[in-house]
Amino acid sequence: MVNIETPDYLNTIKNSMNGIAKGILRPVARKYDENEHEYPKELDMFRGMPIMSRPKKKKDGGEKKPDEKPKPKRGANLSQVVTIEEMCWGDAGLLLSIPNAGLGNAAIAAVATDEQMEKYGKKWAAMAITEPGSGSDSGSITTTAKLEGDEWVLNGEKIFVTCAERCDVVVVWATIDKKAGKSGIKSFIVEKGTPGFKLEKLEHKLGIRASDTGTFVLDNCRIPKTNLLGSAEVKTETEGFKGVMKTFDNTRPLVASMATGIARAAIDFTREKLQENGFVLDYSKNLNNMSSLEKEFYMMEAHLEAMRLLVWRAAWMADNEQFNNLEASMSKAKAGKYGTMITQKCCELLGPLGFSCEHLAEKWMRDSKIMDIFEGTGQIQHLIVARNVLGLSSKDLK
Amino acid sequence: MEERTLCFALSEEQSIMKETTAKLVQDTIAQNSHEVDEKREIPGEYLQKFWELGSILSAVPEEYGGYGMGQSPIMSSIILEELAFGDMSFAIACTLPSLFLNPIIEFGTEEQKKKYIPPYCTDKYKSGTLAICEPHFGFDPQSLKTTAQKKGGSYVINGKKCFIPYADESDHMLVAASVDGKNSLFIVSRNNPGMSIGQREKNLGLYCLKSYSADFNNCEVPAEDRLGGDDGLNYSKILQKTRTALSAIATGVSRASFEYARDYAKERSQFGEPIASRQAVAFMIAEMAYEVDAMRLMTWKAATALEVGNDATRESYLAKIFAGDMTMKITDYGVQILGGHGYVRDHPVERFYRNGRGIAILEGMAAV
Numbered sequence: 001m002v003n004i005e006t007p008d009y010l011n012t013i014k015n016s017m018n019g020i021a022k023g024i025l026r027p028v029a030r031k032y033d034e035n036e037h038e039y040p041k042e043l044d045m046f047r048g049m050p051i052m053s054r055p056k057k058k059k060d061g062g063e064k065k066p067d068e069k070p071k072p073k074r075g076a077n078l079s080q081v082v083t084i085e086e087m088c089w090g091d092a093g094l095l096l097s098i099p100n101a102g103l104g105n106a107a108i109a110a111v112a113t114d115e116q117m118e119k120y121g122k123k124w125a126a127m128a129i130t131e132p133g134s135g136s137d138s139g140s141i142t143t144t145a146k147l148e149g150d151e152w153v154l155n156g157e158k159i160f161v162t163c164a165e166r167c168d169v170v171v172v173w174a175t176i177d178k179k180a181g182k183s184g185i186k187s188f189i190v191e192k193g194t195p196g197f198k199l200e201k202l203e204h205k206l207g208i209r210a211s212d213t214g215t216f217v218l219d220n221c222r223i224p225k226t227n228l229l230g231s232a233e234v235k236t237e238t239e240g241f242k243g244v245m246k247t248f249d250n251t252r253p254l255v256a257s258m259a260t261g262i263a264r265a266a267i268d269f270t271r272e273k274l275q276e277n278g279f280v281l282d283y284s285k286n287l288n289n290m291s292s293l294e295k296e297f298y299m300m301e302a303h304l305e306a307m308r309l310l311v312w313r314a315a316w317m318a319d320n321e322q323f324n325n326l327e328a329s330m331s332k333a334k335a336g337k338y339g340t341m342i343t344q345k346c347c348e349l350l351g352p353l354g355f356s357c358e359h360l361a362e363k364w365m366r367d368s369k370i371m372d373i374f375e376g377t378g379q380i381q382h383l384i385v386a387r388n389v390l391g392l393s394s395k396d397l398k
Numbered sequence: 001m002e003e004r005t006l007c008f009a010l011s012e013e014q015s016i017m018k019e020t021t022a023k024l025v026q027d028t029i030a031q032n033s034h035e036v037d038e039k040r041e042i043p044g045e046y047l048q049k050f051w052e053l054g055s056i057l058s059a060v061p062e063e064y065g066g067y068g069m070g071q072s073p074i075m076s077s078i079i080l081e082e083l084a085f086g087d088m089s090f091a092i093a094c095t096l097p098s099l100f101l102n103p104i105i106e107f108g109t110e111e112q113k114k115k116y117i118p119p120y121c122t123d124k125y126k127s128g129t130l131a132i133c134e135p136h137f138g139f140d141p142q143s144l145k146t147t148a149q150k151k152g153g154s155y156v157i158n159g160k161k162c163f164i165p166y167a168d169e170s171d172h173m174l175v176a177a178s179v180d181g182k183n184s185l186f187i188v189s190r191n192n193p194g195m196s197i198g199q200r201e202k203n204l205g206l207y208c209l210k211s212y213s214a215d216f217n218n219c220e221v222p223a224e225d226r227l228g229g230d231d232g233l234n235y236s237k238i239l240q241k242t243r244t245a246l247s248a249i250a251t252g253v254s255r256a257s258f259e260y261a262r263d264y265a266k267e268r269s270q271f272g273e274p275i276a277s278r279q280a281v282a283f284m285i286a287e288m289a290y291e292v293d294a295m296r297l298m299t300w301k302a303a304t305a306l307e308v309g310n311d312a313t314r315e316s317y318l319a320k321i322f323a324g325d326m327t328m329k330i331t332d333y334g335v336q337i338l339g340g341h342g343y344v345r346d347h348p349v350e351r352f353y354r355n356g357r358g359i360a361i362l363e364g365m366a367a368v
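Protein chains in written order, with our numbering: chain A, 1 to 398; chain B, 1 to 368.
Excised from the complex, chain A in its bound form:
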């Protein structure tokens, strides 16, 4: 039965996370924006806290059987998007820097064997997918892995790796059979300090500067055979690759929720300043009878609400083991686009306060931009949504 009410347990999570965001992240948000590659030691207290981790070995969702009665579940995905919105309201760059909460950790939690879990479950794991010549088209990566005896030998270059300097291990995507295309792509756990594995440089970025982003070079880097995540079998179909891409159905709503958190931070600050200057919040006023500034403010709130509901729906579906490829991309398409627009608009409405580094609004505008880029750009999300609703393949709609 349709019921869009925030349950008490989510309010509890929201409140306690907001306390952390307000008390720990916000106060140092500017500091680590300015000191780009400095390790945020304030975050050490989160080591081992399950903030970005995902439920281990999630069952393959698939479509629900028609005779199954829908029984809404309390799930990890929904709790997580609520947590993330609050944390990003505090600071998005710092959220991305929380120890042991990298995307690599999510990948390991999802597919690792018990032995791998034992060995790497407690390490901080980054994820290396992107290459200089391969961004959204992650099926075109050229980093190779060759089996030689009991070792995989990896060669290639990986860029835009989040937590590059701070992590302990990196989950590296590489192809074991270039001819096999996407199905030849596998992921490998590479430990820091392995000979031939070098952190080449750290990036200087527009936003989320608290998060360290780096480039790795793999030059005949040898790792144990057992460090392959998943199966070494190259399936003829693209099923294997689809499996890898499926993890994005779970991570896209998380990024959309990050965008929602940043946008809310900007809206909250703008509201506060407007109210200090005599603006009276009134959700019954006719849009025709208010200033353009006020109207824009209410519209931003409406879009924020829309962003959040699309995120919640996608997460709720994941919790209820429904296939949410379309809804996950919808949430990110909307949140990426409108997160950018809202944070820009807040700077505009704030005037000088929105351009000055004395306040965080300008930072939120910079931070938000990445949400429309990583984990699949806004354009890729629109493509996925369009293909889904039009029933077109990636060949028919390029």
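Possibly wrong hints are sitting among the right ones.
Here are the computed lysine-lysine pairs in the DSS-like style, where the Cα-Cα straight-line distance is at most 30 Å [as the list claims (entries may be wrong)]:
(1) B/K266 <-> A/K182
(2) A/K398 <-> B/K329
(3) A/K285 <-> B/K202
(4) B/K266 <-> A/K398
(5) B/K329 <-> A/K395
(6) A/K179 <-> A/K205
(7) B/K145 <-> A/K285
Hints listed in this document are in silico derivations from the structure and should not be mistaken for laboratory results.
Predicted model only: the values in this text are computed from it and were never measured.
Once you've looked at the hints, dock chain B against the given chain A.
Relative to chain A, chain B alone:
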């Protein structure tokens, strides 16, 4: 009773109602919506078919002639979306009885309920109506220019109203007027000599929805016909409900435009391939898809608040301003994707575009 917990999926009962309504739309208005709109009149048998669904009567308490199943703004929103998917005018006309009855059920005195509800609880569709909009620049449903002054055992109403659906054929209408600054509703009979109903209006959209303006010139109404008695009613609640209803209708119109354009884009071939294969078109379709969903979720959120008895001022307001803006955008995209073919009246997207413009402007024309 099912336990209330966050849920984005329809229950079995809700799915059945949605499908039944969709079927009804297919069997009635969808058959000839273009001709109906051009002829500017919805066939009575279509409205009768909807009435026979029983969804309006089910919300009326048994003691006044209904089935006593209670009000469900969520269910009403689901039904309204389906009706408006068929045609926006049709959706508004279908629910006119509840536009009149629901405020009485919620705020009426015992006498008002006994007197005014039973005549509508028959096996025949019978329209009632509500008059909120006023024909002046800067109209705001919160600050009404129409006034009602107490004079002895009566109230005297003065002012002008517009966009009153079926005013001419409804026995009663609820008229929104300000009593010393407090917004109130009055039950006014069709034959009240102080009320004169104007010519049928000609509007940008909603061609087949008969709507009228009305002049109230020292229109005397017995004091016992002030809804809720001398204490009046929670007028904000009326707006919360009508805003939620209009958001549901907006979702339906927008979805109709989205689906039509989506299917057309796959059929229409230019430069040797369907136009849907071009990102410029496909991205518009993607946007339409997620904004329609967002509208529906915001409507459902407002409807949930109403259903559990919470104040829905903020939710219904945000849903409606979002729906108003997005309906314009989506129905515009619908015309744009069809290009020249979207501009001619042979395709429904031009009607969706005209009708959709009303969402942001109209107030109080539909109820949940």
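Now the hints, each set against the structure:
1. Taking the CA atoms of B/K266 and A/K182, the gap is about 28 Å. The hint holds against a cut of 30 Å.
2. Restraint check for A/K398 and B/K329: the C-alpha separation of about 25 Å stays at or below 30 Å, so the hint holds.
3. Between A/K285 and B/K202 the alpha-carbon distance is near 27 Å, which keeps this suggested pair within the 30 Å criterion.
4. For the hint pairing B/K266 with A/K398, the CA-to-CA distance comes to about 14 Å; that is within 30 Å, so the pair holds.
5. Taken as a hint, the B/K329 and A/K395 pair is honoured in the structure, with Cα atoms around 29 Å apart against an allowance of 30 Å.
6. Taken as a hint, the A/K179 and A/K205 pair is broken in the structure, with Cα atoms around 35 Å apart against an allowance of 30 Å.
7. About 15 Å separates the Cα atoms of B/K145 and A/K285, which keeps this hinted pair within 30 Å; it holds.
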